[in-house]
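S.K.: Now that you have both chains on their own, put them together as the hints suggest.
Heads up: the protein sequence lines correspond to chains A and B, in order.
Heads up: the first sequence at position 87 corresponds to 87 in the numbering used here, and the numbers run straight through without jumps.
Heads up: the second sequence at position 88 corresponds to 1088 in the numbering used here, and the numbers run straight through without jumps.
Read the hints as simulated data drawn from the structure, not as lab findings.
These figures come from a predicted structure and were not determined experimentally.
In this text, a Cβ means the ideal position worked out from N, Cα and C, and glycines have one as well.
Treat each hint with caution, since some may be false.
[Said to hold, decoys possible] One-sided and incomplete, this derived list gives chain A residues near chain B with beta-carbon spacing under 7 Å:
| no. | residue |
| --- | --- |
| 1 | Phe27 |
| 2 | Leu192 |
| 3 | Leu340 |
| 4 | Pro342 |
| 5 | Gly344 |
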Amino acid sequence: MHALAQEQLRLDAGPVDYLLLALYFVFVLGIGYLARRSVSTSLDFFLSGRSLPAWVTGLAFIAANLGAIEIIGMSANGAQYGMPTMHYFWIGAIPAMLFLGVVMMPFYYGSKVRSVPEFMLRRFGKPAHLVNALSFAAAQLLIAGVNLFLLASIVNVLLGWPLWVSVIVAAAIVLSYTGLGGLSAAIYNEVLQFFVIVAALLPLTVVGLAKVGGWSGLVDKVTTQSGANELSAWPGNELTGFGSNFLSVLGIVFGLGFVLAFGYWTTNFVEVQRAMASKSMSAAQRTPIIGAFPKMLIPFLVIIPGMIAAVSVQEMTVFKQRGTGDVDYNDALLLLMRDLLPNGMLGIALAGLLASFMAGMAANLSSFNTVFTYDIWQSYVVPGRSDGYYLRMGRWVTLGATAAAVGTAFIASGYSNLMDYLQQLFSLFNAPLFATFILGMFWRRMTPTAGWLGLVTGTGASLTVFLLAENGVLELPGQGASFLGAGAAFVVDIAVSVAVSTVTRPKPAAELVGLVYGLTPKEDRTASTTGEDAGWYRRPGVLAGIVLVMVVLLNIVFG
Amino acid sequence: MSQDKDTGGRRAAAFDVRLVIAALFVLYGVVCTLMGLFGTSAEEIDRAAGININLWSGVGMLVFSAAFAAWARLRPIVVPTETGTPEP
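Chain B with its partners taken away, still in its complex shape (with noise of 0.2 Å):
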């Protein structure tokens, strides 16, 4: 719990959390996707009132992911080396 101390910066923002869910929405989009190319029955989409409701899903999960991707690429977080006052 006290290994960040010698560091000096903040490490709060040291993971990017735009990239933990772009990676989760890759995923999703992926198994959605072949899910709905493969894997749903014509049964399934009658259901759904006619949609593909996978496979739409699926694809904008990975338009999704690719835009919060290419957001955290653009803009990195910068990690500030510590100019305000240190907490208590």
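Isolated chain A (complex conformation) (with noise of 0.2 Å):
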């Protein structure tokens, strides 16, 4: 927090760009407002209803991910390693999301669960249900407090407000519009955000490159300042912190994109419910298909603009050459901000950050009331209520959560790269998760008992990594400790799963119909392809097969 805290990134912002912020959040705020009257019972509240468009449901799937975190943290990294970033939008999301959209969607929205846990809770029973609600819980609020952290550290240094001041108000923003709106207010915004974020972050790209004399310029700088080893993302041994490059290779394809990027994008409450919005199982399945294709593409507009401020902006420089100064990584962006764009365009720019924290906190609060109000309280403190008591609910539960998040933003505020820190927050959370998830799906014998033993005892692998390697023990100076927790605690839950659903009873198959592979009949798992669900262009696989060939085409491209 010290090093953002310096006067050298102050923007010299006028009244125009005060002007546009404001226009923004006015638009924010009547979205909140319209939404409101769509909202009459918990599920319009919760799940929007299930009653929107996938282009919707899409595009609020990739701005809800795409947070501050994403934004300053990925140019922080691209800043710093470079190219190799570029895997975890490639390798790390694309096949996550493709495989969510056509293997997974079809149970999450069939079933008609209205969370990931309540799928937990229809699968495996309490324990299991507990468990995953409680750890998802936590770590909304440890997320939601980073966004808080990361909004309230950019406008104190851009603007100079206090950060408290700045804390309060944005908290403010957000818990009126998703306490009004519930999820629809949620994901409108998030529509708006995206819009706005590349409005914001295309023209600073566009700008970045020309002064560093375009692409070939960039190159040029990048070799002769740091080594070309930052052009290219294989095998990207600064990333993962292993010396030899099969290793890190490894530790990319199976750390990252298998069990980091499948346990997050699967399993995650959060990206999930975005589709769980959406009005038909055609559009369900969609959904992370579409965020696919804007998924691909972001990383040019954060990432090379981290990789330009690397190489052109003069602290920046000398903090990459020398490891000291007044600024971190983190600040790559802002600097580069301060240094290219006019009035007008700052004000976009600083909206479309504003934007971007807010996207991310709101969907951290909306996925969290939901999975409180309906799968902590409904099901074990307070249960059989009218719904309307657990709509008002939701709105108490929005508010307490983000007085909460106030409180981790000051966890958040001990990492110096903060990706790092969510990384391993992922490792903890989300990788056991994925692993309890596939096997239960497409393994009709394993048991209740294995599905919450696997899931605590893979937690604990991966916290063990966690420790032992912020000891000292393991020796891995990248981000190769989170994509061996998450390995570690994905090998450990599906052995744990596995041996103990050998010795304990599994449930009567009649229970498992719509949540388990081989008993769902065909008919369930599949899309209809008519009426407002016809054609090619609307049928999951095709859209998944072009995602795929594009992200293999910009994998050989950049590669």
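M.R.: Here's what the structure looks like:
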């Protein structure tokens, strides 16, 4: 935090910039107000009444993840590691998103569960449900805190507002629209935010590239200043911290690409909730696949500016060469904005940054309040009340969660590279979850006891790796520790689940229809192809194929 | 919170987010274009590698906004008349 709080980062924001920023907030609150009119039941509030078109949920799917963490964290990674950061998008997201849409969504959407933990409840019973609901709720509060901290520090540095003022103003805005309009307000705002973020980053990237003399100019500068290995995505040794190329590729493919990414994208309710809000099975399946198109291209607007900052912003180049200075990698994008953008575009860029923060935090809040209200409060604390009670409860939970996020913001302030911190959290919570889900969806013999024991031991395994790395027993400087932790969690979870399943009693097959692959009739798993779902361009499989070809091409061109 | 109960059809899609997006970007586009034409100093243009980025982005946003408005006009949202199963 001290590194950010420097006068040199202060942006020269004028009245026009404030006007553009204010306009944005008017629209955000307006959407919250408009969305409120459509909320009459708790299902409207928590799942948008399952009524949204696929392009809306698809963009929201991406924008929910395009928080300040992604933009600031990934441009920081871009400045520090260069092109290997692309793996977070192309290896660490796209395959998992396609898998979610094509393979897993039929079970989520088809079973009509209201949350990912509820799926856990139906498949494995109460212990696994409780473990999952509690760990998810805790993770969301931590991550919402990161988003809040980032926003507060950005506003503090850029505009000079005191930290606590920006925390409260921002929290109040997010609270008012998610509290009023529920998930619909969050989703519609995410779509708006997506476009504002692009409108902020695209001009910055264009101007940045022009500044360093185009693509070839960037290549020359990176090569002379930091070495050519920052220009190709593979094998990414700097990123993983593994010396050996083979281990590095293995770490990226298995640790990041398989366990971390699949764990994050396929079981994270923040994301899955957006798909669950869509209006048909086909639309739900298309949600992550449509989201994959912008996801492929976002790194060019985030990582490339980070790399440009590392070679063109004076403070940044000094910091990268010597490792000391008043700035750090998280400042890369901000410094570039300060250097390049005139008043006017600066206001849009500020709106984009704040939009991204709010998208992330609203997504955390809207998924937290669903899980807390349905899966903790309604299931265990106060069951059996009227729907109106849970709708009101959801609004109060939103308020409580906002207050808690203010507290967790301080935990986040202890890490210089926020992405490291987040990867740690994801490997702790998500990797074992994915192992349990995938085994449970495809292996009918897996028992309820195995469900929760696998989760607990898997989380324990990644926690152990995390602590060993923290205390220096394991020497992995980059993000190898989280890749390794994720891998360990996955393997331990699978091993324990299989072992426990063989000695405990499975659920009767009749209770698993719609939840397990082999027991669900094919027509229940297949999306309709008529009416609003007609046409080859609305077939989930065809769209997924197009994305896959594009991502392979990107890896070849920038590999 | 219960004033929509009598309408039968679902209102969740009753306002079109495309028009909201188009409206915001019209305003952004106009402000940026005007800034680009009248409010951007030569020094600022020089700093941005010689590109009048306000002007270009402003025009870009106006075009984008027109495209979204056209899309919303050509393919308006049809509010479904509750053919599916009602929610519990």
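S.K.: Run every hint past the structure and note whether it holds.
M.R.: Evaluated hints:
Among the interface hints, the one on Phe27/A holds; its C-beta lies about 5 Å from the nearest C-beta in chain B, closer than the 7 Å criterion. Because the beta carbon of Leu192/A sits about 6 Å from the nearest beta carbon in chain B, less than 7 Å, this interface hint is met. Below 7 Å, beta-carbon pairs count as interface contacts, and Leu340/A has one with chain B at about 5 Å; its hint therefore holds. Satisfaction of the interface hint for Pro342/A is found here, the shortest Cβ-Cβ separation to chain B being roughly 4 Å, below the 7 Å cut-off.
Nearest Cβ of chain B to the Cβ of Gly344/A: about 4 Å, under the 7 Å cut. The hint holds.
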